[in-house]
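Undergrad: Here's the letter readout for the chains.
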Amino acid sequence: MKKIIILLLTVGILFSCTDEFGDINTDPDVITDIPTEALFTYVEKKLGDYKGAEWYHDNHQIMTWLQYVSGDQGNANDINSLEPRGGKYGLLYTDILVHLEEVRRQISLKSASDQEKYKKLGAITYIVQAFHGLRVTDLFGSIPYTQAAKARIEGIFNPDYDDQATLFDTWIAELDDAIAVLDESQVDDIDLLTADFIYGGDWDKWIKAANAIKLRIALRLESQNLTKAQSIIASVVSDGRLISSMDDEFTYNIAEGWRGTGGADMDWKGRLWAAKPMVEYMKTTLDPRLRVFYQPNGYHQATLDDISANSQTVPPAIDVDNDNAVLYTAADGEDILGYRYIGAPVDRNDPDKNDYSYIENPTTVGINATQLAKYNQRLIMNVGYNYGDGAGEGTYVDVFISYAEVCFMMSEFILKGYTSGDAEDWYEKGVRASIETYEMIADIGQLDYKIAGKSYPRVPIADSETEAYLLTPEVAFDGVNDLEKVYIQQYLNFYRLPDEGWVLARRTGYPKFGSSILARGYVNGTSDLQYPRRMPTPDPGDLNRVKWEAASAAQGISVLLETPSVLNTERLWWDKNNPAIGSGGN
Amino acid sequence: MNLNLLLLYKRIVMFTVYGFFIQLLMCSILFASGTTNAQKVISVKEVNVNMNIENEGLTSVFDKIRSSYGYKFVYDKKDLDRDLKLNGQYKDDFLYDVLVDISKKSSLGFRQVNNTITVKKLKKPMFNLSAVPMVEIVEDIGISGKVTDETGAALPGVNVVIDGSAQGSVTDLDGNYKITVPGSSTVLVFSFVGYENQQITVGSQMVIDVSLTPDVSALDEVVVTALGIKKAERTLGYSVSEVKGQEIAQTTTVTPIAALQGKAPGVQINTTSGGTYGGARITLRGNATFGKNTQPIFVVDGVAMDNDISGDGGTDWGNQLKNLNPDDFESISVLKGAAATALYGTRALHGVVIVTTKSGAKRKGLGVSFNQSFGIRTVYDEPAFQNDFGYGPVAGMFSNDVTNGRPDGDSHDNQQFAYYEDVNGTFVPSLQHNMSEENAASWGPRFEGQDYIDYDGSMAKWVAQPDNYKKMFETGTIRNTNIAIDGGGENNTFRLSFTNFSDKGVQPMNDFLKNSFSLKGTQDLVKNVITVGAGMKYTGSKMTNPPTGTLQSAWFHDGFPRSYDVDKWRNNYKDVDGGVPYPTGSNKYMYTRKSMSWFSVYENEIERNESQLLADVYVDFNIAKGLSGKINGNINQFDYKNESKNAGTSLNRISNASYSLSHGQKIQSSYGASLTYQKELSQDLKFDASIGATTWTTDASSTGVSTNGGLKVPLWYNLANSYNSVNYSGGQGAKKTINSTYAYLNFDYKSTLYLAITGRNDWSSALTYDTGAGHNSFFYPSASLSWVVNETLAIPESIFTKLRVSYAHVGNDTDPYTLSSGFTPVNLTEDPTLAMYKFENSTAISPNIKPETKKSFEVGLDMRFMNGRARMDVAYYRDNTHDQIIGLNVPTESGITKQLINAGNMQNQGVEIMLEATPIQTKDFSWDMGFAFTHNRDKIIELYPGVNEVLIGGSPNDANSGTGTFAFVGGDYGVLATYQGYKPYDGTNTANHGLPVLSQRNNWSVAYPNGRQNTDSLVSMGNIQPDWYGAFNTTLRYKGFRLYALFDMSFGGEVYSSASRYGLHQGVTESSLPNRDRENGGIVWTSEGMGNNYFGKEYEDGYIPEGVFPDGQTVRFRDADGNTTFRDVGGMTYQEAYDQGLVEPTHWSGYIYRWTSASTGSPLMGVHESNWVVLRELTFSYDLPGSLLSNSFIRTANVSLTGRDLGFLHNSMPDNINPAITSNRAGEGREMGFAPYVRSVTMALRFTF
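Residue numbers (the numbering used here), protein chains in the order written: chain Y, 1 to 586; chain H, 1 to 1249.
To be clear, the hints were calculated from the coordinates, so they are not data collected in a lab.
Remember, predicted model here, so these are calculated numbers, not experimental data.
From the three backbone atoms N, C-alpha and C, an ideal C-beta is built for every residue, glycine too.
A few of these clues could be false.
Reference listing, derived: stretches of chain H covered by chain Y, where coverage requires no fewer than 3 residues with Cβ under 8 Å from a Cβ of chain Y [as the list claims (entries may be wrong)]:
#	stretch
1	770-782
2	814-827
3	838-851
4	1026-1037
Below 25 Å or equal to it, Euclidean Cα-Cα: the simulated DSS-like pairs (lysine-lysine) are [what the hints assert, rightly or not]:
#	chain 1	residue 1	chain 2	residue 2
5	H	K898	Y	K547
6	H	K898	Y	K150
7	H	K104	H	K85
8	H	K120	H	K362
9	Y	K450	Y	K283
10	H	K121	H	K77
11	H	K923	H	K855
12	H	K850	Y	K150
13	H	K230	H	K527
The shape of chain Y in the complex, shown without the other chains:
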């Protein structure tokens, strides 16, 4: 019996043993020791691959406001409402900042020599977060930044909101610090290679990107603090390391076969077509990007033959007899004539409205042939878009900061006298670069399309087209409306970065109503709608609502009031002194 008692006591003591509990409770599916740079790679990927919701939600609306595209029946009356919020905001915190914080934390725990080796990786994390942070504040104004994404390390659940002045100052300082570190000469740098698939660990290119971001910040500061904007421009110009070729562009290209999420449709709220003002401009100037931006309508010869064989008439908007200039020649030799590119009116009371009244129900004669030109579905929506005979086989490239953008910014600064230089040269370099970049995107994306049963393999852009384009009066830098032309070219260049196009429209008021170059159209005869100039700021939830409400109040923004007029009149700080959209006031 004694033995039994001893046994039981022994058992009892053994049972309370917890030595192996740590091992038992370690999840075999997670790893704790990873290469630090692999976290950075993940962040670079997130910069580009979150896009499903963006073209589905944000671009659908923003591209309509900007008149890159137009809804059916000349824009329905809820086009200026704002339903979606996009994915950029959450991305900043739960993907970008939190992992970049972790990159820096891991570096700080390394040995002194490794810290030195990883120093420049640490520096470029700031460039990435300033780049994306700027994209976010453009939409939402004051946002948490300096205290953000620190829950894992410092346990901060309710980060302070930084106003835009603070954000801009912070980013400029962080970018300057990053450039300084990247300029240091280190013997034993980490070689990022593919871990940095944007620049392959080329520190010099990261400096160029940092400078471009500084210029973007200067643009936004212009109407609030011109002095500061000019000093930023001056510092970039004196540094001199600007993006100077396509090779320097901040480009996201990891050969992914899709853009965004398959299955969703940008036309979810109604069909979207090429917008009439932009199509008219591109037709007039024979802009070589026309065929990259938009698909022609279905009125090729077979369709016209079908119509006449069925004794039907061609709709009045399609002026076969007069609108027949050759826009370009298709791969099979077919001349694409003017009437193949008919944009949807942006004015819902367009005088020729009745000509377009068929928009809702495209005529189907034989093969289903739409009468309007549509945005290029593989460029905008999904590079794998299926035109009915198989998905696209190209891959998707996103140019987040283009050479062209830098050129146009420089041209604009020079024209405005903020710095010196040859505005015309920068302008022309910009136009060429923009066309070249779109040609690159089209090439890699293999942007073929199939219209009304006919395949249209991609036609590469010839240099001669670009040079001819530069000579057309609407494009030529000839002392007439040069600044507007710079704006128009920026506007065209931002076709695939609608957020930046939206910044341009807010900051400059261009494209403007009644312009002789590229006129913005009124939505309702002679009056326009009040377009949102920001996105509703997301409610952070219970734990930070007080600061959110305070930050909103400080910006003069009402929370949870998302009517178009509120979103139009209650502006973000950098936007407060800007002109009305389309007014050309600046």
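Position chain H relative to chain Y; hints supplied.
TA: For chain H alone, coordinates are given in the frame of chain Y:
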């Protein structure tokens, strides 16, 4: 150490198994014995002998005794030593002494049974212990008799036990019993619930008839409590509900949970739409945590079984509990409060259901029982469908292209056919080539027997198919066969049982098959000192083709219309070219409805095999007087295999065909030891105490492999047939170890005041960080007091009163790996070499996570009146769960979305009332009834500072339901809320503030309140917690006939029903009829061309929606010439605008379609109060009287007819919608896939031999 225990465990199991087979052989020899003799019996110890024996042989001596004293000897001659000569002189000695002398000399043993003395050769003793007598003389006396109650009526089921032993018998249905006792000095104890015990010394009687007298103050029903300890109910300071195993077996449900419905207060069961073996949801006294599984664990003979969540997305295979075999159940004890469960430790936070299975008894001969039941399942009811209108989309949805749609001008009329232009240029109504995607919609033409072209080009008549929903289902069949053998000898007991169960579901091809074996036994190794016991239960089950939502929900969402002919299409789902007619393919008839579903039902094979082994073994030691010990071990091994053969629906049958095979295993084991000490301190004060320790471990793993990119060869289901290299999944599963020590102390003061104190400490690996640190040790105590008031205060005996009160803490850990964090790789298909890592998830873990604690208080009153003919039991409980381990939602700006913390105080409080009465009780006739009532409210008292609500189920962002279940801090738990409520108008026209803002769709010519306009604030739609739920049962008994009825009910509380919402959306339910046309009250008007209406056309489906147009709203009109104008209606209600002639009525179909749709509508239209009363069970049974069976080998026979889920007596859901929810996870308040109304009727035959 675990290894050693495992070895010990294995040895004991082996030993026990062999022991049983030996036992079996022995028992079968004994089977034939047992005749009774009406003579008086005199023990050999009482017979005086005067006899001389001189050199006589054994047979001669036996003859002498027989002739002189009347005892007959029975022996086998080969046992007798022929050469042995006996000598002896006896004078006034007892015959007993003579036999002892003979035995000593001959090594023979004698056994007296009445007047027969059986002689057998004594075996060599097993253990050479001095305590074992060399001479075995046993005198057995066969006693029989009848037990009656105070009225003279037979009392079946009375325990007749030999005092001081575990041996005994039970009276049969006629109150008769038989028992063999070891001598005339034996005392028999007769006991029966509610009656006073009676003790009778056998003496010389051979027939002992007993009349028992009721004893209301006894309350000595014995119930099973924590750790399987049996206790008298009067001693308990908390409530325990016990259900007899028979009641569960009778229901022939797959999961024992469903069978518990309505059986005990405080137990809430929700059926789900998971089908035959899908999960049912059980909660005891509400939800203790925000977690998704708040269900109690099931402990079967000491082996704990997981009660997992199932059906929470994907296929519902049910959980482990379906592998239990109710035929083996002796009783089910439901332990609700923490005081009742505290000894179970961390896994008992949500309560414990203890299942005790049947054991063999020490008895003469073998008990054999045989049960056979047959039953059918039918879908007996369906939603209230409209049968007036057939297929057709809502107004505005048709295109004007006549090839696939309608002639120009008809597109806003919802009662036109789709047309097809035939070779003669005639437009004929046609569903062939129909291009609309809204295929279930029944907004089409009235059924008038018109001719039309069907999906496949055949001609058909346009008539309603009123039963097309019911016709999808088949008649299910249930068959259950159980055979059990039990017995026991001097030193052992055993029970062996086999059950074969099959249940063919009502859905085509859906089957469940189960074979269960169980073996349970005990063996005394050293009599009265060491006993070993073991049990093994093995179940192999096979499930095929679980119900798929696509068929169950076929009628309301993306399903089929009211004109759909199930009989025609269920056998006609393949395209003539092969594969399935597929909406986007180029097959022959593209839009045959549900062809994909039929194809998947009849062509795909999805099968799951499970095997489950529960084994337990224990050794009991009697160490000294009052001191005993126990060592036990058990294991629960669960294996499954899933195999899925998906036939390709494509023409070539390979490109989207697939095959997958997966296996998984989960092993849980537990080892423990305990010591128990009992002592009577004085006449008035007794106590017993115990200490013990256990270690419990769970480990799981799984692997799955599936083909990738289709198959290479059609219809060959093999992994080698994968088009691309196979996909694999799975890996190591969760591992956890909990070590525990526990102790309890029970005091009994004068048998009127009982105090029980328990304490337990757990050490859980799940609360340990990977560094090894962590608050992984936690202690929880309980105390409970029971006071039988009668004996203290002078309360008349006829009113028995007991008060009970308890307070307890129960601790809880968390899931394995919750505290483990790290990074996970992200793979880029395009470049597999690119190394990318991210945080495993966006939850950060606080460094000081500690266990959760539930503090539970309970007070109860048990009163019985009129000598127990009426009873009332009331309990009030309040449970507070503190420091829940939760993923606190934190602002994403912090870089994470959740922080794992301890927080909160969640409270459940409620009242349970049980009323029982026996209004009539006579010899032949009795009437019993009982009513159980439960009111429970869960509430969050506090959470994390600044946090106002927690999402506990569903999601307000769910694309389909838009409904989440929330708990608001300081407010209600279980609030159904959405972001898709309508937006109240707050514009310039203040007169209309608060009314819903309308959305105007010009191209549809409809206006409706938009569920997507107000996505910032949660709109409360109802609460899933019923105000009360309960059950009423009644039993009528006349002689051997018994009629039992159980009604189950729930009142208050809301359900979100997608069937209700989308049935309206698609125009298939009766509620969609109003306003549809002139006959149904629709406004008739001639259009001025509003929206896309055609100018001058007459419409008859007009409706004026309630709501206000937003400021600036314009409505488009197009005149006869096609000129367009806009009219400003901003700030006006629809009625005001209509009264002023600014708008036309809106189309009813478009209005209701939009307002219920997933993209623009609101779940508000699916939320309804759910009150129901169900006739859950009706049983009619007949026990064949003993007199009929007396000349057969059958001991008892019973035949019964049981109906389950017979129907709703009351159902508050509209359109006769079934309120069954989707999953058994906590906080689920949604029906996301309609459950058919299934009832079963089973006939059972039960025999014992």
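Undergrad: Taking each numbered hint in turn, which are not upheld by the structure, reported in ascending numerical order?
TA: 4 and 11
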